[in-house]
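Place chain B on chain A using the hints.
So the sequences go chain by chain: A and B. For the first sequence, our numbering assigns the number 1 to the initial residue and increments by one for each residue that follows. For the second sequence, our numbering assigns the number 1001 to the initial residue and increments by one for each residue that follows.
Calculated from the structure, these hints are not laboratory results. Built from N, CA and C at the ideal position, the CB exists for glycine as well. Do not take every clue at face value.
Claimed, not checked - Derived pair list, reagent style BS3-like, types lysine-lysine, alpha-carbon separation capped at 30 Å: (1) B:K1103 with A:K11; (2) B:K1054 with A:K14; (3) B:K1054 with B:K1103; (4) B:K1069 with A:K57; (5) A:K57 with B:K1103.
As the list claims (entries may be wrong) - If you anchor each label on the Cβ, the simulated ranges turn out as follows: (6) B:Y1051 with A:Q50: 19 to 27 Å; (7) B:Y1051 with A:E28: 50 to 58 Å; (8) B:V1059 with A:S73: 26 to 34 Å; (9) B:T1005 with A:Q80: 32 to 40 Å; (10) A:L116 with B:P1076: 39 to 47 Å; (11) A:H29 with B:V1059: 16 to 24 Å.
As the list claims (entries may be wrong) - Sample of chain A residues with no beta-carbon within 12 Å of chain B, all distances over it, derived: (12) Q6; (13) K11; (14) R15; (15) S62; (16) D103.
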Amino acid sequence: DTGVSQDPRHKITKRGQNVTFRCDPISEHNRLYWYRQTLGQGPEFLTYFQNEAQLEKSRLLSDRFSAERPKGSFSTLEIQRTEQGDSAMYLCASSLDRDIRRDTQYFGPGTRLTVL
Amino acid sequence: LAKTTQPISMDSYEGQEVNITCSHNNIATNDYITWYQQFPSQGPRFIIQGYKTKVTNEVASLFIPADRKSSTLSLPRVSLSDTAVYYCLVGEGGGADGLTFGKGTHLIIQP
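This is chain A alone, in the form it adopts within the complex:
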């Protein structure tokens, strides 16, 4: 399968702990997105990369969240000092580099985070 993969699929942690998620995009895609989705809501944009450069971050993104894409391939999303409100599905998507207004994103299966 050459789609977007995410690891782990599920993560349970205690409040205050740090967690890190990984996303492997489709190999020829140079754009990578992170989203958060809570129950009953659509995906909420967090940040995106063009190759290794982080070009945008959501204005709502807490300082406890950080993302990297060091070699322009896989990406990691870290949440420091987790809070119960961070419990959500974290989705990664990748796409080819074209006008962002018509970008077709390919999503991974997501990482479900539960903060106790």
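Same frame as chain A, now just chain B:
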């Protein structure tokens, strides 16, 4: 002000045509309209994209009127497996931060 507005839920039956309308009154000149489908515990999946008039692919059609303030996703002859949440996505502001999925439409197909 919501960027897109869709019905929260819809019901239909197998074999019927289903039309889901999305309102996007503030769509910008360069924005495209993209629809995604999402099943429980999976990431969204691209269905169709359009700019104006009508677009058709192997799974759906997308109708966009001349003023582009709304769009209608048409699913022909639905089956039980089309039960999912459908999102209308319109870019705003020119950046990724403007890509807002909204709450989507939960489509339930019954036998």
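Problem set entry | Hints violated by the structure (numbers, ascending) | Hint check: 2, 7, 12, 16 fail, others pass.
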